[in-house]
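Student: Residue-level listing of the chains:
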Amino acid sequence: SAVISQKPSRDICQRGTSLTIQCQVDSQVTMMFWYRQQPGQSLTLIATANQGSEATYESGFVIDKFPISRPNLTFSTLTVSNMSPEDSSIYLCSAEVSYNEQFFGPGTRLTVL
Amino acid sequence: AQSVTQLGSHVSVSEGALVLLRCNYSSSVPPYLFWYVQYPNQGLQLLLKYTTGATLVKGINGFEAEFKKSETSFHLTKPSAHMSDAAEYFCAVSDPPGNTGKLIFGQGTTLQVKP
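If you're matching them up, the sequences are chains R and P in order. Here the first sequence is numbered in the working numbering, starting from 1 and rising by one per residue. Here the second sequence is numbered in the working numbering, starting from 1001 and rising by one per residue.
Bound-form chain R, shown alone (with noise of 0.2 Å):
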């Protein structure tokens, strides 16, 4: 198993501003992974964060809107710039652990006004 954290927890953001979201895995991964949950709606992945290579952003999803890092293997960020109130969002990190099988951070609760 492994313990991961996000910071922020929470969040209340000005529209066009960026807000950087941490996730912190406790043991080393290769494969860390951002998603989206919208008010009420399931998980849609944004992108694939591998170390040592740029993230792989799924459709609808742009490097611009979301940039990522992944300096090593057991911390990401999630950069989302240019707010706007539809970013309001829960966003969660996870991690693969053993094959296919990701574990979850608690979430960052954005709304952006």
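Wrong hints could be hidden among the right ones.
Some chain R residues close to chain P (C-beta under 10 Å, calculated; not the full set) [stated by the list, open to error]:
(1) 1
(2) 4
(3) 35
(4) 41
(5) 44
(6) 48
(7) 52
(8) 90
(9) 92
(10) 93
(11) 100
(12) 101
(13) 105
(14) 106
(15) 109
No farther apart than 25 Å at their CA atoms in a straight line, the calculated lysine-lysine pairs in the DSS-like style are these [claimed, not checked]:
(16) P:1068 - R:65
(17) P:1102 - R:7
(18) P:1114 - P:1068
(19) R:65 - R:7
(20) P:1068 - P:1049
(21) P:1102 - P:1058
In case anyone wonders, no lab produced these hints; they're calculated from the structure. By construction, the Cβ of each residue, glycine as well, lies at the ideal position given by its N, Cα and C atoms.
Mind docking chain P on chain R? Use the hints.
Tutor: Relative to the frame of chain R, chain P by itself:
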């Protein structure tokens, strides 16, 4: 492309009653299947998973699920509901071995447990 359909966005049972949450998948290759639970204001917790082998999978908190290839189903059951089971449940399918490891989630089912 893989997909997951959860039948019933909201299920309500009485405490002590059987819990049945339905999940059907679509996959062109043998799938890996998962059930996750999300308690209010928390992240997702893995309940159980099916990869290969025995089709009846037992998970935490008394839950189990059966992989039925002929029905493309992976329904989640628990013989006797407890108040603490009230949560959001997500079924998910992943790429087969050697691929991306991405999870595709269903829309989720909210389980309400009535006293």
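Student: Now, for every hint given, state plainly whether the structure supports it.
Tutor: Against the structure, the hints come out as follows:
no. : hint            : in the structure
1   : 1               : holds (9 Å)
2   : 4               : holds (8 Å)
3   : 35              : holds (8 Å)
4   : 41              : holds (8 Å)
5   : 44              : holds (8 Å)
6   : 48              : holds (6 Å)
7   : 52              : violated (16 Å)
8   : 90              : holds (9 Å)
9   : 92              : holds (6 Å)
10  : 93              : holds (9 Å)
11  : 100             : holds (5 Å)
12  : 101             : holds (6 Å)
13  : 105             : holds (5 Å)
14  : 106             : holds (4 Å)
15  : 109             : holds (8 Å)
16  : P:1068 - R:65   : violated (41 Å)
17  : P:1102 - R:7    : holds (23 Å)
18  : P:1114 - P:1068 : violated (30 Å)
19  : R:65 - R:7      : holds (19 Å)
20  : P:1068 - P:1049 : holds (14 Å)
21  : P:1102 - P:1058 : holds (23 Å)
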